[in-house]
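Visitor: As a plain string of letters, each chain reads:
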Amino acid sequence: MIEKRSKYGIVCVVFRSILQYIKASKGWAVLEHGIAVLSSLSWIVGILVTQQLFDLITEASRGYASYSQVGIALGTMAAVTVVQQVLRGIDKYLLGYVSYKNVGKFMSELMLKLSRVSAKHFEDPNFLDNIDKSKRCIEYEALGSFSTNCLRLFTYYGVFFVSVSIYFFGLSPLLPLIIFVSFVPAILGQLVQVKVFIGLENESAPLRRQYTYYKKAISSQLSFKETRILGAFGFFRNLFSNTLLLLTTKTWKVERKAAFIRLILGLVSFIGFGVSTIMLFNSAMSGEISIGTFVAVFGVLSQIFSMAEELVSIQVSQGSETIGKIEIYYRLMDMEEVDGEEAVIDFSKGIVAKDVNFTYPGRNKMAVQGATITISEGETIAIVGENGAGKSTLVRLLVGLYRPDNGTVEIGGQNSSNTHPSSIFRETSGVFQDFLCYKMTLAENVAISNTKEIQNHDNIQRVLQDCEFGDDSVTLDTMLSTEFGGIDLSGGQWQRIAIARGLYKTNSLIVLDEPTAAIDPIEEERVYSQFKRLSKDKCTILVTHRLASAKFANRIVVMDKGKIVDVGCHDELIERKGKYATMWEAQSAWYVNRDN
Amino acid sequence: MLKTRKYKWIDILRIPFEISPLLLVVYVLLELTQAIISTFAVVFATSYFVDTAFAVFADKLIVSEVYAPLGVLLGVVAISNIFDNLLGLLQSRLKIVMELKLEPTILDTRASLKYKYIEDSDTWELVERLSEGIVVNILNGVRACAIVARSIVSIAAILSLILTQVWWAAILIAILSVPLFWMSLKAGGKNYNAWMEAWPYERRFSYYSDDILTSREATQERTLFGYADYIVNLHSEHFEIARKIQGRVAVRTKIAMEATGIFMSVIALLISFTLIKPVIAGTLSPGMFMGIVAAVFTMATTIGGTLQESAKNLSYAKRCMDDLTAFMALDLQDGATDLPDKIPPVFERLSFKNVWFKYPNAENYALRNVSFDIEGGKHYAFVGANGSGKTTIIKLLTGLYDIYDGEILINGKELRTYETSTLKAMFSVVYQDFARYEVSLADNIALGNTSEDVSMEDIHKVTDKVALTDTIANLKDGLSTPLGKIHKDGSDLSGGQWQKVAIARSLISSAPIKILDEPTAALDPIAESRIYQEFEELMRDKTTIFISHRLGSTKLANEILVIDGGEIIEKGTHNELIKMSGVYAKMFESQRRWYE
Chain G
1 MIEKRSKYGI VCVVFRSILQ YIKASKGWAV LEHGIAVLSS LSWIVGILVT
51 QQLFDLITEA SRGYASYSQV GIALGTMAAV TVVQQVLRGI DKYLLGYVSY
101 KNVGKFMSEL MLKLSRVSAK HFEDPNFLDN IDKSKRCIEY EALGSFSTNC
151 LRLFTYYGVF FVSVSIYFFG LSPLLPLIIF VSFVPAILGQ LVQVKVFIGL
201 ENESAPLRRQ YTYYKKAISS QLSFKETRIL GAFGFFRNLF SNTLLLLTTK
251 TWKVERKAAF IRLILGLVSF IGFGVSTIML FNSAMSGEIS IGTFVAVFGV
301 LSQIFSMAEE LVSIQVSQGS ETIGKIEIYY RLMDMEEVDG EEAVIDFSKG
351 IVAKDVNFTY PGRNKMAVQG ATITISEGET IAIVGENGAG KSTLVRLLVG
401 LYRPDNGTVE IGGQNSSNTH PSSIFRETSG VFQDFLCYKM TLAENVAISN
451 TKEIQNHDNI QRVLQDCEFG DDSVTLDTML STEFGGIDLS GGQWQRIAIA
501 RGLYKTNSLI VLDEPTAAID PIEEERVYSQ FKRLSKDKCT ILVTHRLASA
551 KFANRIVVMD KGKIVDVGCH DELIERKGKY ATMWEAQSAW YVNRDN
Chain H
597 MLKTRKYKWI DILRIPFEIS PLLLVVYVLL ELTQAIISTF AVVFATSYFV
647 DTAFAVFADK LIVSEVYAPL GVLLGVVAIS NIFDNLLGLL QSRLKIVMEL
697 KLEPTILDTR ASLKYKYIED SDTWELVERL SEGIVVNILN GVRACAIVAR
747 SIVSIAAILS LILTQVWWAA ILIAILSVPL FWMSLKAGGK NYNAWMEAWP
797 YERRFSYYSD DILTSREATQ ERTLFGYADY IVNLHSEHFE IARKIQGRVA
847 VRTKIAMEAT GIFMSVIALL ISFTLIKPVI AGTLSPGMFM GIVAAVFTMA
897 TTIGGTLQES AKNLSYAKRC MDDLTAFMAL DLQDGATDLP DKIPPVFERL
947 SFKNVWFKYP NAENYALRNV SFDIEGGKHY AFVGANGSGK TTIIKLLTGL
997 YDIYDGEILI NGKELRTYET STLKAMFSVV YQDFARYEVS LADNIALGNT
1047 SEDVSMEDIH KVTDKVALTD TIANLKDGLS TPLGKIHKDG SDLSGGQWQK
1097 VAIARSLISS APIKILDEPT AALDPIAESR IYQEFEELMR DKTTIFISHR
1147 LGSTKLANEI LVIDGGEIIE KGTHNELIKM SGVYAKMFES QRRWYE
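Chains as they are written, first to last, in our numbering: chain G, 1 to 596; chain H, 597 to 1192.
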């Protein structure tokens, strides 16, 4: 445990993010920070040439320096200013360029990682929340700018403060104190401000959530028509105004407080500034530095102060918040992957599940408990049960989407817990109730189940015909989304695409998880007879709560509260008068002519 | 305070001015004062101090003489600091008053929009974009205006200093700075165009990452079909395109900014050159020289960047004004936010007479020549496949769409002549995706009858009827337990419990017509038949309309209307329709056969 924590300690996170940054950006990282060093050093050159110019103009006013001498000094200073500007411009540009480029790379890495962790985590709201945080951490360049800023501590700020200190020391041994004096108020200020604003955030976050929600209750697409017809506008509008008032009052109070604190801190800062000026002035009076130097240094004094502030604010405010997010991101990236041996799955051996238990992460109730079932070669089984009985979970275990907590599932002779997913899924396909309507082309929508064959338009066309998609006006490269400039299809057409998708992947095992929940009876019948034809000689697992459609299975598995309560063919189950018989009664009652 | 009119550039200032004239004027004046302080005052204070120090150094004055100018110098810096702080505070205040005024106004308008806009993705996007960004965009616009004004004043201030020394240089610079301003503003606007150009690609890659690669809904297909690599590639492709578009413009604007900077530095250099002679001639003190040179170079290095940033903000603010113009031009529904009538209308008969209806922007008719009658106290069922037009009929009934051909008569009077509040009192709808309001359980139910004060007794009566009593007993604070996630101690209900809440909501309403819109899509068959039976029993003396793509429960209806392709193809009682041997009989038969 201690070891684990230290892996995500600040030092480790900082170090790791810097390494990741360098690895991702390579030459660009070197260039970016090389420019940062130069840009930082150009400050001191700027002070030097300004000092020289001011000394010369003082001399000139006394008649000791010529016009051309001053002119050359002036030209030098202007040149240095231009170089400074260009360096700073390039530096800023590179900072944005490199960190935005990294966003794409980091996103890809994250998404590929997610494809390698167990599918079961996606049922855990905490995990989804962490994905969201990690994604935002990358998208808003928090991760990228965090690491590059950590590096900048040395390459930019470090170089700046060291070079300025050395220069000051050269002028007078006491002057480097200015650097120290500039940091004290900056650090103080940041600590107090962060505290004030974190306090505000903690207090106002729940209010803001409510405020956003009330707005949504009135105007989101989801509840718009209902709120209107109920006449619930007034109710939510009231809640909305009250929360808005509370929220703004609170914010204003904090802003005022913060402004006051800033004023006090400004005073502290100002005292530091005053002390520095007096030190400079004394040095000038004692002849240690010239008046020109005094003016030149005085000119950059406020910049030294704001630089100290910038440095502290980046590290403190970004630091604490971002490090938390980055830690979440690294924990995600370090999650255990679903791995295993490559193996040949032989579906003639069927699927054998023994005493399988499964609990979703973050929950304490078992979703599937003690399930034992064998599916033989070419067999069709149906799984029935009420909502929440564990039907879908059992299927996911049987096809290897989830690995059991206890017990074993052997798919085609291979244990699903130690076989590589690519082997397990090589010949498994499925059609699901909540199939996706991808905002991509028709071809992609079908062939996404088998992306290696995405260019094979003949095959795609054939499978679409098989599924009676039959709309010639929709070509294979039609974009199926109005949002991306394409067209929209009807529910029935999408359903056929979903089936075509399931079939496009060569399979020996096919899962049909409530595939007809959204269609009318005639279409449903058509689809089922199609399934019958297409699933011949294949292992088929059908999940349904329309019992009638389960009849075409060889065997029916009845589930209740996570357990398999009965297995048998339709007639056997009716005979036994158990759960299945009750459900059958309830459903068929509508269709037997009770009033006749 | 917002009206239907064209919003222009000037409205970026006018809107906040109308909200709080004093605040805006004080803010702008303070910005301008700050411009004077940071140029004029600093230059004079510097020269005063340097020249005095110089005199002291040359033994022309005694040391103590220098403390006054030192004090002035520090004082100027201090005042400048305080002003910065004040400006920040004023901006916060401006933001708050605008939020307080604009947010409710926008929300009220949103709540009154004609329903057609809610289902139109382009308008919806406009509405979302506007309400999300209006306050920040205007605020940034105001700030940008202030900064442009401040830059002009700063330049003018410095010019006036130079004017006394070398008048022609001042005029030359004044002329040169006009194209410079123009160039900077234009470069900033380009950023915005690039963002618009990259936007479609950004939507694509965020679709891939958010909806496919990291979403819970896609987990099954993503894992089983193993397409993550393929989609990650698509993501990277689109990301890179978007990045390059923005990168290209970033380079160009960066270069433009550098060019302005260098150009400005050259001008600064020229000015400084012309000032050397007066110093040698003794007409200009070295202190004044230093002050002006420092001020001119500081401005040269910063003005390009600030102007560009302002231009970018102004572009966004302008776009926001265009959005506002479009938003305010949207049609509103009269009485949209009214409460339902207190006394529910007596319902006798509703007739559709040859109704034709087409969704806005749609090519095909959603309803074609639909005619039917609904009589008070009877039960009706609308049956048909998804997309056949069942839900469209309900949308017309409840007044969500009012552009149709033909007549819809309620009690013999055209529907469109009814007040919205009367229609609200007429119908109570349980939608398939009914709202799960994140307020207390009691409020969730009481919202069913917003025109009256619902007592706790009334609520208990309906919760008893829908069998929610146990659920309530198990909640921490019973009926007053907040539901959902926005409250700290919010509880959540299961899908079935929510369904009961929705029915309780309909039950407590005194509307004479109750509509149940496909409540069963996500339910198992037992729960489904339970709901239909219960609903029928609970609503016995009311007029009810069931909408479904399932048969069976339709038997409960006095009349069944079969809808296909926007037309009513059959109607009659269950027995009549079976005798007719039409589509309904075929559908019923196809399902019945399964249950034999």
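It is worth saying that the hints were derived from the structure and are not from the lab. Note that this is a predicted model, so its numbers are computed, not measured. Just to be clear, a hint being listed does not mean it is correct.
Derived SDA-like pairs: lysine to any residue, alpha-carbon spacing no greater than 20 Å straight-line [unchecked claim]:
| hint | chain 1 | residue 1 | chain 2 | residue 2 |
| --- | --- | --- | --- | --- |
| 1 | G | Lys561 | G | Ala581 |
| 2 | H | Lys1182 | G | Ala581 |
| 3 | G | Lys216 | H | Ile1082 |
Not close to chain G: a few residues of chain H, all C-beta gaps over 12 Å, as computed [stated by the list, open to error]:
| hint | residue |
| --- | --- |
| 4 | Asn677 |
| 5 | Ser717 |
| 6 | Phe885 |
| 7 | Gly972 |
| 8 | Thr1067 |
Every residue, glycine too, gets a C-beta built ideally from N, C-alpha and C.
Visitor: Is the claim that H/Gly972 lies outside the interface with chain G correct, judged by CB distances over 12 Å?
Guide: Correct as stated: the minimum Cβ-Cβ distance to chain G is 20 Å, above 12 Å.
Visitor: Checking a non-interface call: every C-beta of chain G should be farther than 12 Å from the C-beta of H/Thr1067. Is that right?
Guide: holds (16 Å)
Visitor: Using Cβ atoms and 12 Å as the threshold, tell me whether H/Asn677 really stays out of contact range of chain G.
Guide: Incorrect as stated: the minimum Cβ-Cβ distance to chain G is 5 Å, not above 12 Å.
Visitor: Minimum Cβ separation between H/Phe885 and chain G greater than 12 Å?
Guide: violated (5 Å)
Visitor: Check whether the Cα positions of G/Lys216 and H/Ile1082 lie no farther apart than 20 Å.
Guide: holds (12 Å)
Visitor: Can the restraint linking G/Lys561 and G/Ala581 be considered satisfied, given a maximum Cα separation of 20 Å?
Guide: With Cα atoms ~17 Å apart, G/Lys561 and G/Ala581 stay inside 20 Å; holds.
Visitor: Evaluate the condition: distance from the CB of H/Ser717 to the nearest CB of chain G exceeds 12 Å.
Guide: Nearest chain G Cβ is 7 Å from H/Ser717, so the label is violated.
Visitor: If you draw a straight line from the CA of H/Lys1182 to the CA of G/Ala581, is it 20 Å or shorter?
Guide: violated (26 Å)
Hint compliance for this structure: hints 2, 4, 5 and 6 are broken, all remaining hints hold.
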